[in-house]
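Peer 1: Sequence:
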Amino acid sequence: MIPDYLNNEFEKIISREYFSKKIHPVRKKAYRDLNEQGLPNKKWEDWRHTDLSIINYDKFRISEAQDAPPPKIDIAEYGLKSFHTIVFYNGHFQKDLSSIPNGIKLLSNLEYMEFKNWKVNQPKMSSFDLLNTAFMDSGMCLIIKKETNVKIPLRILFICSGNEEIMVSPRIHIDLEKSSSLNLVEQHVGKCNKYLYNGSIIINIEEKAKLEHIRIQNNSKSTINMGNLHIEQRTKSNYFFVQYAVGSQLGRINLFANLIGKGANCSLNGLSLSDNKQHLDAHVITNHKASHCESSQNFKFILKDRSTGVFNGRSIVQHGAVKTDSSQSNKNLLLSDNALMNSNPQLEIYTDDVKCSHGSSTGSLESDALFYIQSRGLDQKAATSLLVLGFASKIIEIIKNNEIKDYVTYHFDQWINQNN
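Taking the working numbering, the leading residue of the sequence shown gets 2, the next gets one more, and so forth.
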């Protein structure tokens, strides 16, 4: 079952004259499927720890022309100044604020579908992917051409602004052709009230191509951030992902990596920081379909006050995916007696001759370690900050780009100082 207000919003988006009617059948099918499937609730196994009632009670409207940016906007305040940047403001692409590096071909979703003769691989559609498909803006596709090494990182900057209950549904395809490489930053920022971001990013990594993807979720703590991320990897491709999540009232990443080529490598990592009554959720699946592939999931949560966290990780090894090497690790630090963490790492193995492991731990700071550091002259606040930084540093340090690492470290230090 879906909220009634979505029916009115769907009629509005279908009637927009600047959207091509060629894409309407795709929208309508997605909306029919969404009506049949409904939005998740706590009776669904993968959603039993995440309460979505806010989406039913608050009436979100689609982003309109009036939600455009002001005449003068300076994206420099969001850091990462040396990067090429593609800007989305309240869900709408801002061409005048964006710069595209050489070696990347930019298409709208309609152009991309026509370029592919409408034979676009659609990921397994979750409820929020269906919601995205039904309400997507024109969206875009980035094609990194064969054997192209994009040297300067590319940032996709999502800015939310305003006090109204807005729903945005960006949809982005990223295709890396054979032996190409890209460093990508997906950054969510802005000050807004009751804002629902429901974005789908669909990534195809061809043979020997490499993608480093950093996702920074640092938007307002009164927003909902629902990130749907689908990756398909071919032979000897590499995908490296780090999420730094600190924003949103309710934030969830739905990440599905499909390893279909022999020798593919997939490294998925995350650091989530929550306080007050925040709820941050990471739902991560690696699906091994080919032999000699490697994958890792390494996610850490630091929780304070009455905040809650969820890690639901699964590694699936299909029949014939021999010589798979897959590991999962979820470690969580509670800085309050009222914070709550739900952890569920899982393995599904359907073949022999594989190496798979998983583990999870949740606890508070060790009193002996705090005492030892304080005995060296630090007060309790400084000692606590040092131990928390030590816990988080193994995720922060794997970020390879120094400018991104410095950005994350700066904001991490701010969070520690505000919450200690």
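Keep in mind that the hints were calculated from the coordinates and are not lab data. Bear in mind the structure is a predicted one, so any value in this text is a computation, not a measurement. Idealized CB from N, CA, C, for every residue including glycine. Please note: incorrect hints may appear among the correct ones.
What the hints assert, rightly or not - Lysine-lysine pairs mimicking DSS-like chemistry, simulated, CA-CA at most 25 Å apart:
no.: 1; residue 1: K147; residue 2: K211
no.: 2; residue 1: K179; residue 2: K73
no.: 3; residue 1: K146; residue 2: K44
no.: 4; residue 1: K60; residue 2: K30
no.: 5; residue 1: K195; residue 2: K211
no.: 6; residue 1: K146; residue 2: K96
no.: 7; residue 1: K43; residue 2: K73
no.: 8; residue 1: K179; residue 2: K211
no.: 9; residue 1: K43; residue 2: K152
no.: 10; residue 1: K211; residue 2: K43
no.: 11; residue 1: K60; residue 2: K192
no.: 12; residue 1: K332; residue 2: K263
no.: 13; residue 1: K152; residue 2: K406
Claimed, not checked - Have a look at the derived ranges for each label pair, beta carbon to beta carbon:
no.: 14; residue 1: E12; residue 2: S337; range: 43 to 51 Å
no.: 15; residue 1: E165; residue 2: E12; range: 53 to 61 Å
no.: 16; residue 1: S337; residue 2: Y19; range: 28 to 36 Å
no.: 17; residue 1: N36; residue 2: I101; range: 19 to 27 Å
no.: 18; residue 1: Y351; residue 2: D97; range: 50 to 58 Å
no.: 19; residue 1: Q67; residue 2: L341; range: 37 to 45 Å
no.: 20; residue 1: D97; residue 2: G378; range: 33 to 41 Å
no.: 21; residue 1: R307; residue 2: K147; range: 29 to 37 Å
no.: 22; residue 1: L341; residue 2: K117; range: 23 to 31 Å
no.: 23; residue 1: N194; residue 2: Q415; range: 49 to 57 Å
Peer 1: All hints, please: hold or fail.
Peer 2: Status of the hints after comparison with the structure:
no.: 1; hint: K147 to K211; verdict: holds, 12 Å
no.: 2; hint: K179 to K73; verdict: violated, 40 Å
no.: 3; hint: K146 to K44; verdict: violated, 44 Å
no.: 4; hint: K60 to K30; verdict: holds, 23 Å
no.: 5; hint: K195 to K211; verdict: violated, 36 Å
no.: 6; hint: K146 to K96; verdict: holds, 21 Å
no.: 7; hint: K43 to K73; verdict: violated, 44 Å
no.: 8; hint: K179 to K211; verdict: holds, 9 Å
no.: 9; hint: K43 to K152; verdict: violated, 44 Å
no.: 10; hint: K211 to K43; verdict: violated, 37 Å
no.: 11; hint: K60 to K192; verdict: holds, 19 Å
no.: 12; hint: K332 to K263; verdict: violated, 30 Å
no.: 13; hint: K152 to K406; verdict: holds, 17 Å
no.: 14; hint: E12 to S337: 43 to 51 Å; verdict: holds, 45 Å
no.: 15; hint: E165 to E12: 53 to 61 Å; verdict: violated, 19 Å
no.: 16; hint: S337 to Y19: 28 to 36 Å; verdict: violated, 49 Å
no.: 17; hint: N36 to I101: 19 to 27 Å; verdict: violated, 37 Å
no.: 18; hint: Y351 to D97: 50 to 58 Å; verdict: holds, 51 Å
no.: 19; hint: Q67 to L341: 37 to 45 Å; verdict: holds, 40 Å
no.: 20; hint: D97 to G378: 33 to 41 Å; verdict: violated, 54 Å
no.: 21; hint: R307 to K147: 29 to 37 Å; verdict: violated, 51 Å
no.: 22; hint: L341 to K117: 23 to 31 Å; verdict: violated, 44 Å
no.: 23; hint: N194 to Q415: 49 to 57 Å; verdict: violated, 22 Å
In the structure shown, a violation is registered for the earlier hints numbered 2, 3, 5, 7, 9, 10, 12, 15, 16, 17, 20, 21, 22, 23, in ascending order.
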